[in-house]
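Chain order of the listed sequences is R and V. Just so we're aligned: the first sequence equals residues 1 to 484 in our numbering. Just so we're aligned: the second sequence equals residues 1 to 484 in our numbering.
I should point out that these hints are in silico values taken from the structure, not numbers from a laboratory. What you were told as hints is all true, and nothing was included just to trick you.
No copy labels: a pair is met if it fits in one copy or bridges any two.
Lysine to any residue pairs mimicking SDA-like chemistry, simulated, CA-CA at most 25 angstroms apart: (1) Lys438 / Trp356; (2) Lys21 / Gln412; (3) Lys187 / Val369; (4) Lys173 / Ser234; (5) Lys438 / Asp370.
Number of protein chains: 2
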Amino acid sequence: MSGVLRVRQDMEEWEILQAWKERVGQELDRVMAFWMEHSHDPEHGWAAPFGHPQQGLCPSRAPTLSSQPTLRFPSSPSHLRSWGLDTGLWGSAQAPHLLFMVHVPDRGFFTCLGRDGQVYDDLKYVWLQGRQVWMYCRLYRKVKRFRRPELLDSAKAGGDFLLRHARVTPPEKKCAFVLTRDGRPVKVQRTIFSECFYTMAMNELWRVTGDVRYQSEAVEMMEQLVHWVREDPSGLGQLRLPGAPSAEPMAVPMMLLCLVEQLGEADAELAARYAELGDWCAGRILQHVQRDGQAVLENVAEDGRELAGCLGRHQNPGHALEAGWFLLRHAIRKGDPDLRAHVIDKFMLLPFRSGWDPDHEGLFYFQDVDGLCPTQLEWAMKLWWPHSEAMIAFLMGYSESGDPALLRLFCQVAEYTFRQFRDPEYGEWFGYLNREGKVALTIKGGPFKGCFHVPRCLAMCEEMLDALLSRGDPADVPVRLGAE
Amino acid sequence: MSGVLRVRQDMEEWEILQAWKERVGQELDRVMAFWMEHSHDPEHGWAAPFGHPQQGLCPSRAPTLSSQPTLRFPSSPSHLRSWGLDTGLWGSAQAPHLLFMVHVPDRGFFTCLGRDGQVYDDLKYVWLQGRQVWMYCRLYRKVKRFRRPELLDSAKAGGDFLLRHARVTPPEKKCAFVLTRDGRPVKVQRTIFSECFYTMAMNELWRVTGDVRYQSEAVEMMEQLVHWVREDPSGLGQLRLPGAPSAEPMAVPMMLLCLVEQLGEADAELAARYAELGDWCAGRILQHVQRDGQAVLENVAEDGRELAGCLGRHQNPGHALEAGWFLLRHAIRKGDPDLRAHVIDKFMLLPFRSGWDPDHEGLFYFQDVDGLCPTQLEWAMKLWWPHSEAMIAFLMGYSESGDPALLRLFCQVAEYTFRQFRDPEYGEWFGYLNREGKVALTIKGGPFKGCFHVPRCLAMCEEMLDALLSRGDPADVPVRLGAE
Chain R
1 MSGVLRVRQD MEEWEILQAW KERVGQELDR VMAFWMEHSH DPEHGWAAPF GHPQQGLCPS
61 RAPTLSSQPT LRFPSSPSHL RSWGLDTGLW GSAQAPHLLF MVHVPDRGFF TCLGRDGQVY
121 DDLKYVWLQG RQVWMYCRLY RKVKRFRRPE LLDSAKAGGD FLLRHARVTP PEKKCAFVLT
181 RDGRPVKVQR TIFSECFYTM AMNELWRVTG DVRYQSEAVE MMEQLVHWVR EDPSGLGQLR
241 LPGAPSAEPM AVPMMLLCLV EQLGEADAEL AARYAELGDW CAGRILQHVQ RDGQAVLENV
301 AEDGRELAGC LGRHQNPGHA LEAGWFLLRH AIRKGDPDLR AHVIDKFMLL PFRSGWDPDH
361 EGLFYFQDVD GLCPTQLEWA MKLWWPHSEA MIAFLMGYSE SGDPALLRLF CQVAEYTFRQ
421 FRDPEYGEWF GYLNREGKVA LTIKGGPFKG CFHVPRCLAM CEEMLDALLS RGDPADVPVR
481 LGAE
Chain V
1 MSGVLRVRQD MEEWEILQAW KERVGQELDR VMAFWMEHSH DPEHGWAAPF GHPQQGLCPS
61 RAPTLSSQPT LRFPSSPSHL RSWGLDTGLW GSAQAPHLLF MVHVPDRGFF TCLGRDGQVY
121 DDLKYVWLQG RQVWMYCRLY RKVKRFRRPE LLDSAKAGGD FLLRHARVTP PEKKCAFVLT
181 RDGRPVKVQR TIFSECFYTM AMNELWRVTG DVRYQSEAVE MMEQLVHWVR EDPSGLGQLR
241 LPGAPSAEPM AVPMMLLCLV EQLGEADAEL AARYAELGDW CAGRILQHVQ RDGQAVLENV
301 AEDGRELAGC LGRHQNPGHA LEAGWFLLRH AIRKGDPDLR AHVIDKFMLL PFRSGWDPDH
361 EGLFYFQDVD GLCPTQLEWA MKLWWPHSEA MIAFLMGYSE SGDPALLRLF CQVAEYTFRQ
421 FRDPEYGEWF GYLNREGKVA LTIKGGPFKG CFHVPRCLAM CEEMLDALLS RGDPADVPVR
481 LGAE
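If we strip away everything but chain R, and leave its shape as in the complex, we get (with noise of 0.2 angstroms):
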């Protein structure tokens, strides 16, 4: 390529990196703003210093867990009832001190959001919990505009709700999936998640508050993850019914080495602790490359044989797109180029190929690796975090890389993902498309969906692009933008 050419392609590459930067930095603040707005419990952790009849706020529930209780003065009564309190309960011209509330920090997130941000159910999940916890803190650490307190306080209302609530019969760890408003548990899944949005919640807390407790919380519960992993799952409750394969599903590696990168960040002896556990995990989730190479399947055995029947073709080409970038970043913190390139090829170009929709555009959400017809009714639908993970992994591939395929990868994914499940009348994300790309469920937040995929898509792309730009102007790095 002649050295002219090269500069404009340069030049049309940094083009695109400004103007993406600008898109999803707008887009993270929006996004922000919705759950700010429409996601924090006003009611549980908000307790007069008198106390108050409402279930959650009586004395009973002082916490002993969490630091002093701070005092809060509502500015106004529409400030009052928009935390869901009837300011006649609370104050009159006669008594105006009973305005003053004790900030108690135990409160949760409303995660069942409708279009508007309306509350439509208020149980809690608790793999949502930790993920708003993680997020905030997150945010708050890392993005200097978010270094605002109401993240802090409203993160550690949520870490405290989990610290008191999350367990179903402390001292054992096992945590529930969900949560009723103030906290008694409704139900219970037989996995390793909950507790590993619980972890990620809680180590983060530690970062941004440097309370120890929060610290002493994940490593503990860390530990028993890997327990339950390695050496004995029975404590999850999981019958082992002759017929049963053992079948590892690619989740469980992931959300480990995930945990193992959280854990080790800037912590050299967890980091130590846990590098056997982070190559464990890594080799693990290599195994569910199949077929010569030419399939990520998402069960294999223990022993990485592929299994029988539908369990064993099922794929999840959202899922193996995320489980790339997160074995790109091990391969980064291992500085070791060949599986950067495998991780590149068979966890990010392949499950695009395969998993792309060539009529209607989109990933699907699932495929059959025989390209039988799933089993799952949503098979064909197009989900947000799918569309989120590709992007994130599109672009730490170009980064990574220089090759500007991947990058016009990651503009095709966030072209489709912005036109298609943004809503710029009310924020956030759709989360549920058709196979066409209509919107099927206006939801912007439920059981599964919250405030967590996007926010963290928009700022790890926010942060790559800043990156790639802040490396110079094209002309002064073209080996590393566009030169291949």
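Following the hints, position chain V against chain R.
This is chain V only, laid out in the frame that chain R set:
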């Protein structure tokens, strides 16, 4: 209405009934041919006299419960191959006697069938095993042209497969949800439905074979079911969590009511034994009529109050219609015209009005009674079974009331159903359409779709249409047909 007009209307109705009788009869034959050709496991249950190395055919799996083995002589090598056997294993010009095989009645059905009947998974779902046994026996017993030995043999083989394998830890009665091809348990549900379909299968097997062992299985399982539902559910393995509402899914009293009718048919002793239970079930189902009679809700508290949140607002129009015809038969048995009118109003007309898609026709799968967006991804899809249940409900409603509006609804649903779900090319019906009526899953059978709803609908409609037509020429029965 003048006499001439009435006769003309009656003539039109008579022609409609006649035309539908022919359509459903022909369709029933086509549908049953599909299942008989593709769903019989050719391997398990067929063994050579000298044993066979394949799992499941060795002498150690010889039957203990079933009646004498019968000798079969395959009519040709291709016949043998149609059972999935390699003739080379079994015989040669030198040893043709090896072509004899022993029929071991322990076989079960494949239900994971692709569009053309291809088996795409060999797992055996217990609900669907029981339902197919029941369907074969019911047709054998009630429809003259299905009184064929191959139906009876297959039903017995399926029943013996259930007898031997369905229970997870015999003599405990809890059944698996899904088994491997050779009968090892893969998953267990903490509900009563596997056991309900087991009971239906055993009772119907007894009716066609006279073998009392089947009936004692049915009656013992029924006692267990009543104990779980009305006395102590702990044997089901459900956790009782402090935040879980004591919700009653409508399916539970529906299934028990179905069993009360099944066991009590032409059996004065059992009909008397379960009379009170039948009334209890009907009362419990009627509690699901909420909102001042304006809605049927799928889940209510055990005391009949509406539940909070999505769970409480959940509606399933097809299920309400199915409950409608269960209750209508209960009203007929009781000779209760008020209940009959109530049921037609609340469980037929009401769910149709709210559940029928005004834009694209067809019944929604799920709805939220407040018109909010359901959280189930498949809520707007059109599934086969709500439509087959609606056909039964409206034709039964018409048969019992003579109201031509119900005949019109039957025709509306049946026209949509035959147009959208039938597969003229390969037989059986598609199960899953998108909201617009396009086939979303091409499978003909799967974990929840087997040989049950479609042939039950067609056989019941054929029987009802026959009965309506045999009431004589329309001019003879003007009060019944079209009088209002």
